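S.K.: If you want the building blocks of each chain, they are given just below.
Number of protein chains: 2
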Amino acid sequence: MSKKYVYLFAEGNAQMRALLGGKGANLAEMTNLGLPVPYGFTVTTEACTQYYADGKRINDEINAEIFEYLKKLEAQSGKTFGDKNNPLLVSVRSGARASMPGMMDTILNLGLNDEVVEGFAELTQNPRFAYDSYRRFIQMFSDVVMELPKHNFEVIIDEMKAERGIKLDTEFTAEDLKEMIKKFKAYYAEQKGEEFPSDPKVQLIEAVKAVFRSWDNPRAIYYRRMNDIPSDWGTAVNVQMMVFGNMGNDSGTGVAFTRNPATGEKKLFGEFLMNAQGEDVVAGVRTPQTIDQLGEVAPKAYEQFKQVCATLENHYRDMQDMEFTIERGNLFMLQTRNGKRTAAAALQIAVDLVNEGMISKEEAVMQVEPKSLDALLHPQFNAESLKNGKLIATALAASPGAACGKVVFSAADAIEWKNRGEKVVMVRLETSPEDIEGMAASQGILTARGGMTSHAAVVARGMGTCCVSGCGDIRFLSDKSFELNGTVFNEGDYISLDGTTGNIYAGAIQTEPASISGNFATLMGWADEFRRLQVRTNADTPRDAAQAVKFGAQGIGLVRTEHMFFEAEKLKAIREMIVSTTPEQRKAALEKVLPLQQKDFEGIYEAMEGRPVTVRYLDPPLHEFVPTEDEDIRVLAEEMNMKAEDLKAVCDSLHEFNPMMGHRGCRLAVTYPEIAEMQTKAVVGAAINTQKKHPEWNIVPEIMIPLVGDVKELKYVKDIVVKTADALIAEAGVDMKYHVGTMIEIPRAALLADEIAQEAEFFSFGTNDLTQMTFGFSRDDAGKFLDSYYAAKIYEQDPFAKLDQHGVGKLIKMAVSLGKQTRPDIKLGICGEHGGDPASIEFCHNVGLTYVSCSPYRVPIARLAAAQAAIKNK
Amino acid sequence: MSKKYVYLFAEGNAQMRALLGGKGANLAEMTNLGLPVPYGFTVTTEACTQYYADGKRINDEINAEIFEYLKKLEAQSGKTFGDKNNPLLVSVRSGARASMPGMMDTILNLGLNDEVVEGFAELTQNPRFAYDSYRRFIQMFSDVVMELPKHNFEVIIDEMKAERGIKLDTEFTAEDLKEMIKKFKAYYAEQKGEEFPSDPKVQLIEAVKAVFRSWDNPRAIYYRRMNDIPSDWGTAVNVQMMVFGNMGNDSGTGVAFTRNPATGEKKLFGEFLMNAQGEDVVAGVRTPQTIDQLGEVAPKAYEQFKQVCATLENHYRDMQDMEFTIERGNLFMLQTRNGKRTAAAALQIAVDLVNEGMISKEEAVMQVEPKSLDALLHPQFNAESLKNGKLIATALAASPGAACGKVVFSAADAIEWKNRGEKVVMVRLETSPEDIEGMAASQGILTARGGMTSHAAVVARGMGTCCVSGCGDIRFLSDKSFELNGTVFNEGDYISLDGTTGNIYAGAIQTEPASISGNFATLMGWADEFRRLQVRTNADTPRDAAQAVKFGAQGIGLVRTEHMFFEAEKLKAIREMIVSTTPEQRKAALEKVLPLQQKDFEGIYEAMEGRPVTVRYLDPPLHEFVPTEDEDIRVLAEEMNMKAEDLKAVCDSLHEFNPMMGHRGCRLAVTYPEIAEMQTKAVVGAAINTQKKHPEWNIVPEIMIPLVGDVKELKYVKDIVVKTADALIAEAGVDMKYHVGTMIEIPRAALLADEIAQEAEFFSFGTNDLTQMTFGFSRDDAGKFLDSYYAAKIYEQDPFAKLDQHGVGKLIKMAVSLGKQTRPDIKLGICGEHGGDPASIEFCHNVGLTYVSCSPYRVPIARLAAAQAAIKNK
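Going down the list, the sequences are from chains C and R.
Each residue of the first sequence is one higher than the one before, starting from 1 at the first, in this note's numbering.
Each residue of the second sequence is one higher than the one before, starting from 1 at the first, in this note's numbering.
Chain C extracted, bound-state conformation (with noise of 0.2 Å):
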């Protein structure tokens, strides 16, 4: 039996999204539902993926089938395609599964031709109107069907105007129409080779195919890659009788909303223009009149609407966003789909909708995005103040929220000009570990070098700041300058930033704070009665740490220990211990971080108030911890009281090949068991003085093991942190328990995780370093060569931001098993960049971790990511 690839309006409903694209779904539901509805019909989303299969051609079967529900098409509207006396005209307008921009938009009047519109133009009694429908169409279908640059015949139509020496596109007389007519057939003619096609069903094929191309184009490939869309899903056609908002004063078209999609705020929104075509909406020739506005000047069509809007919420207990066209007095709906909405309208949105009884908690859960309540955590430009904003360049949103203040070049300056109470944002070729306290002193950062995971772009993101990192195109004038796309910044000159979008403004625009209202709140409680998985938090300070805790963080998953080397004291002690040539004076160099790292330790627990917290020991290489080039070694041998050429030894000797795969993890606590000595004393000594002063607390440290491959190197460094430990915790006098456990970051350990389970009191999976192994590349070398992979659809997502569930959540699942098999009850984390995003903490829910870890700024979004999982797969 032969697949069915085009469906009637009325054969289809709102379930069939997706066959028929949302687009025609929903057409399809607003016919059943009785509601004006042009006649039409949708050829199908398996139509185009057929296409594709078919090597980019409709094969007979479908184009038949195409031609028999033309057939059906005009049985009901009582008119022929082609016909001179009473021609059927259609738009062709995309709609795939999930609405994507970057394809193909409309192509209306089709079905015109240098007969049809004779007729047309009788049959309406309006010349001017028939021909002024066929030139538009006309210059559109060759712009999106045959990709005629537009302009050209903008180009063409000025010269008309100066000819005649008119302004406006309405002053045309029909005879002009015509012959501007003549002179874009004969551009197409010259320009294609071949005379402008003639026959509506031909139009009609070019126009489907054209929508099937635009499927593939880049912009709808990043697209798609940008939001998680499958490229095989397609996207189907809607052919729909035309109706005309242009007929004159009593026609007109308009969007509108049923609640204002910016607030959230239960009132019609939206706007309309009489005697108009949608294009001219768009075009913003006329400027149109608020929806309110339409009771005075159609009143029936308003009342009519009214009843629509209504009809169509209740119908799918979520605000719409339609589009509607009046004809000579009647109401036509031509397309209605859940709004669009910011963040703050969602949660307005949502809670209303519960509290007018229309939708449940968990529906109201599963209608908010999560990666939306990010615009909510950070602050925002001002509406107003944005538009006065000089766009300069757009580089990498690598930390969100806006920024405003004047520019400085140093930490130091970030930190002198804050202390004056300045507001600054800090320009810097990149960032490094020293900068960290002047970037907590600006209001955001901008890089020229770096990507997304550079240190300003992780570092930014931990504290919650603006950054717009890796912009190519400065160029530093000098220590206190720089230019960019031909603008100069010096220092002191007003900079704006936009850390979601990458966007740089010159000059100054206001920023509001973020908002968390009591919407927020709410939405968030009832986002937490539904989730199993606990959320907790990435964070090294307890400045982040009670941020966390505010946005709900239900403990620590992941200090990073080496972050709280980098301060002035410490890195020196660091540095002395990497000079060190014996265990002696490694040991020496320890005991002086110690008090230190305790004192960090002592305040997170602080403010974690109880909270579990997992600290992972030291991680990275060495290296990172001293100079590369000549002259600072020559600076720093100063400093540390020795010979230049011995320190270059010992940091030439620190060198590796692949760093990523290098001496690092705990392989350095197996070659200085030293360092694990002395973490374990800081942890557990700061863990003992913070419960003596909360004796209501119950603090039990998790010592956290990286980078382990097989279970003896995690027994060999468990045994340094047992013997250390209980020492300590005797010596104390106290009873004090405390966890050690791993991450599962090497593929090797999530292959043998039931020897690691052994060892390990809990797995926290690293899906970065996973990630990287997995697939055998590195993170910072990738970007060199994914954008292939992408365009050869090899690679869909970014792996390092979407967890690649087929083949590393093979290596998950299959540790998760492993574990549990030796170790029942082992508590499963994950503490990757992964652990904020929303699709994998799906994969999370669903291999049954206990919790995931993020960025406290992602700990909102994970909340109600987790809860959507939990709700999704009851």
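These aren't lab readings, by the way, just hints derived from the structure by calculation.
Be careful, since some hints might not be right.
The list makes no distinction among identical chains, and a pair is therefore deemed to hold if it is satisfied within one copy or across any two copies.
[Stated by the list, open to error] Capping the alpha-carbon separation at 35 Å, the derived lysine-lysine pairs in DSBU-like fashion look like this:
{"id": "1", "residue 1": "Lys71", "residue 2": "Lys56"}
{"id": "2", "residue 1": "Lys827", "residue 2": "Lys643"}
{"id": "3", "residue 1": "Lys784", "residue 2": "Lys715"}
{"id": "4", "residue 1": "Lys161", "residue 2": "Lys418"}
{"id": "5", "residue 1": "Lys192", "residue 2": "Lys793"}
{"id": "6", "residue 1": "Lys810", "residue 2": "Lys784"}
{"id": "7", "residue 1": "Lys72", "residue 2": "Lys423"}
{"id": "8", "residue 1": "Lys587", "residue 2": "Lys784"}
{"id": "9", "residue 1": "Lys715", "residue 2": "Lys813"}
{"id": "10", "residue 1": "Lys192", "residue 2": "Lys572"}
These numbers come from a predicted model, not from an experiment.
Knowing the structure of chain C, use the given hints to seat chain R on it.
M.R.: Frame of chain C; chain R shown alone:
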């Protein structure tokens, strides 16, 4: 029920090797054969393991059992431990499952103290003998059990000799010896702060503990690691009644082999000393006599010994290595074991034993150690000449064989000197691809830098040329001289290298060519009868390919095409390709490479005479083809007629943080499909041309895509290959088949092997990369910390030399099973370094691979190992 930890010799047998150790099991076996073995018992290897499990102490249970068996020994011997009137004296010797130098050897005469010695003197009627035995015991016990340096006792002896004006130990009187004993004990007490233990039971337990302890000394650990001996095997301890070879001229001691261990000749081989204990033979004060002289000195014992030899060889069905003592005319056997032998002897003996009808062909194949064949495949030093060699230093044994020649310092000189008839050894800081021709012209290569996998090492092994690498002590004095540990070498000076040991000698040592005798061919033929695994070779040149065929390779499993690109003309074109900015430029550059590369392949096809050839497409990152130093870049830019800064920008853009995980393998083909296209033309073009010349062959090119991580990635590259190959085949009008397969070297590919197999017609496991990614450490960097891992007994093997069957092996098994699920007849091979390692080959056999591929000089080893695997796992 408690475990039995001690066995009388009479209770054991040769099959109990794991429990009793080799020595103990064979003593038991000889006892049960009725041979004259002094009574004794064995403390098991499990007691050793328990000793470590109990925190290095002998628990009460085992302690009691030892003394229970001591009682039994007293009953058997009719003597009593510590009894002055009829004392039982014992020897205590270690004995592991596998023979293991580096462990504690022997303590003789245990049971003596101040009292017992007096009785012993009376009993033997030989006070001098008794006191000499006692002082030897004190010396041995202090040294090996209590770790007091032997040397200090020698000092005491020398002082006494000086006082008395005597020269030889034998000149001491009994009274002298008594005084010596006092001095020994005084020294002992002073050093240890306690008296020398006079209680024989304490002596015994301390000696047993010392044996257990010695299992874990650094030399033993090192030896185990080198020889794949697990650390949890433990050692047994043999306690045996003393017999004395030093009781007069009718007593003696000796060692002998049933056949000549150097040549395999069927003739008793060994030596003995009359009136001596074992240590005297080793000390070399008197020259031992050859075994056939024993007939004259002790005819009765000799006859009996010959009888014993025949019995033992017949019983063990292998050449035996024995220790014996004659006490007052009576023969006692103290040890027998299968004798170590040279590779040549091993072959001779195996073939002889088959011819004698003593063993089967299968047993003969099992008897030869595959690794030992290596020695037969390369030149060796003449044994006589070697005695005059002056050993200067030892560095890494990078490529086996011996070499002797005049020192040259550049590839150009090596070629020039060779052309005028000189034999040369090339000495370099390190080698690079441009040196290849010079390396081929040299007898051997010596480098100051670089490890076992450095360029010099890898290329030399491939060529079968001797190489010693990483000799860090070399100090270059000028372009034409260097100093090494005090010896200066100028150009033209003779130097000799042993690539099997890493030894470097000053002066000329004669070498002897490899002698692949008839026995070699015979045994290989037998091996081929039994093995199931095919053996292929890794070869990049016709020369290597031809060599491998001579060694029995059944095909090529890996042609590394990148090595071909380093030849001047090709390198030039490759560099042009790298600096190209458009696909057209890239194609033009590759067009220049095509005919050259096709010629390379034609040469290889010719050499392989129709055998299968698997070509791997370009694998290394492109930066390997461009210089890194500014000066080199400047020169190259001039050559290439471009600006130095532009070339530098290209080189810089190729920099990677982790090149091992960077833009390489099929990632190059995804970004630059032109490369895969060119390589396909070269491979298929070469196959077509060669097939035309040799219609009797049936060439089926095998094209291997490296570093695949996803089936879509493979398909993308395969599509390019298929399109290009099919066009070429059609154009040539021939009927040629070809296969496209992939390396499995990325963990993700192994995990998703069922999907990969949809496109891959064969898998070849690239275990080098797979090991790196699975462990998460790079081969180039792991050296820095692996020693700590060996010391901590976390890893006992270098996973790059010996396949990690546990972790990496689990991935391989998974991939094999998933691959077969999709494609039951999929061809499976391995082409990493592990393909030439016998233990890894056994694993490959067991998981069901089709073939292993290794360097040409490893082919015979692999053939034998494959046969042994098949026989063992029948």
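S.K.: Each hint should be assessed against the structure and marked as holding or not.
M.R.: Each hint tested on the structure:
{"no.": "1", "hint": "Lys71 x Lys56", "result": "within (25 Å within a copy, 94 Å between copies)"}
{"no.": "2", "hint": "Lys827 x Lys643", "result": "neither (49 Å within a copy, 59 Å between copies)"}
{"no.": "3", "hint": "Lys784 x Lys715", "result": "between (39 Å within a copy, 21 Å between copies)"}
{"no.": "4", "hint": "Lys161 x Lys418", "result": "neither (58 Å within a copy, 87 Å between copies)"}
{"no.": "5", "hint": "Lys192 x Lys793", "result": "within (31 Å within a copy, 75 Å between copies)"}
{"no.": "6", "hint": "Lys810 x Lys784", "result": "both (26 Å within a copy, 32 Å between copies)"}
{"no.": "7", "hint": "Lys72 x Lys423", "result": "neither (67 Å within a copy, 92 Å between copies)"}
{"no.": "8", "hint": "Lys587 x Lys784", "result": "between (42 Å within a copy, 20 Å between copies)"}
{"no.": "9", "hint": "Lys715 x Lys813", "result": "both (23 Å within a copy, 27 Å between copies)"}
{"no.": "10", "hint": "Lys192 x Lys572", "result": "neither (71 Å within a copy, 44 Å between copies)"}
Checked against the numbered hints listed earlier, the structure breaks hints 2, 4, 7 and 10; every other hint is satisfied.
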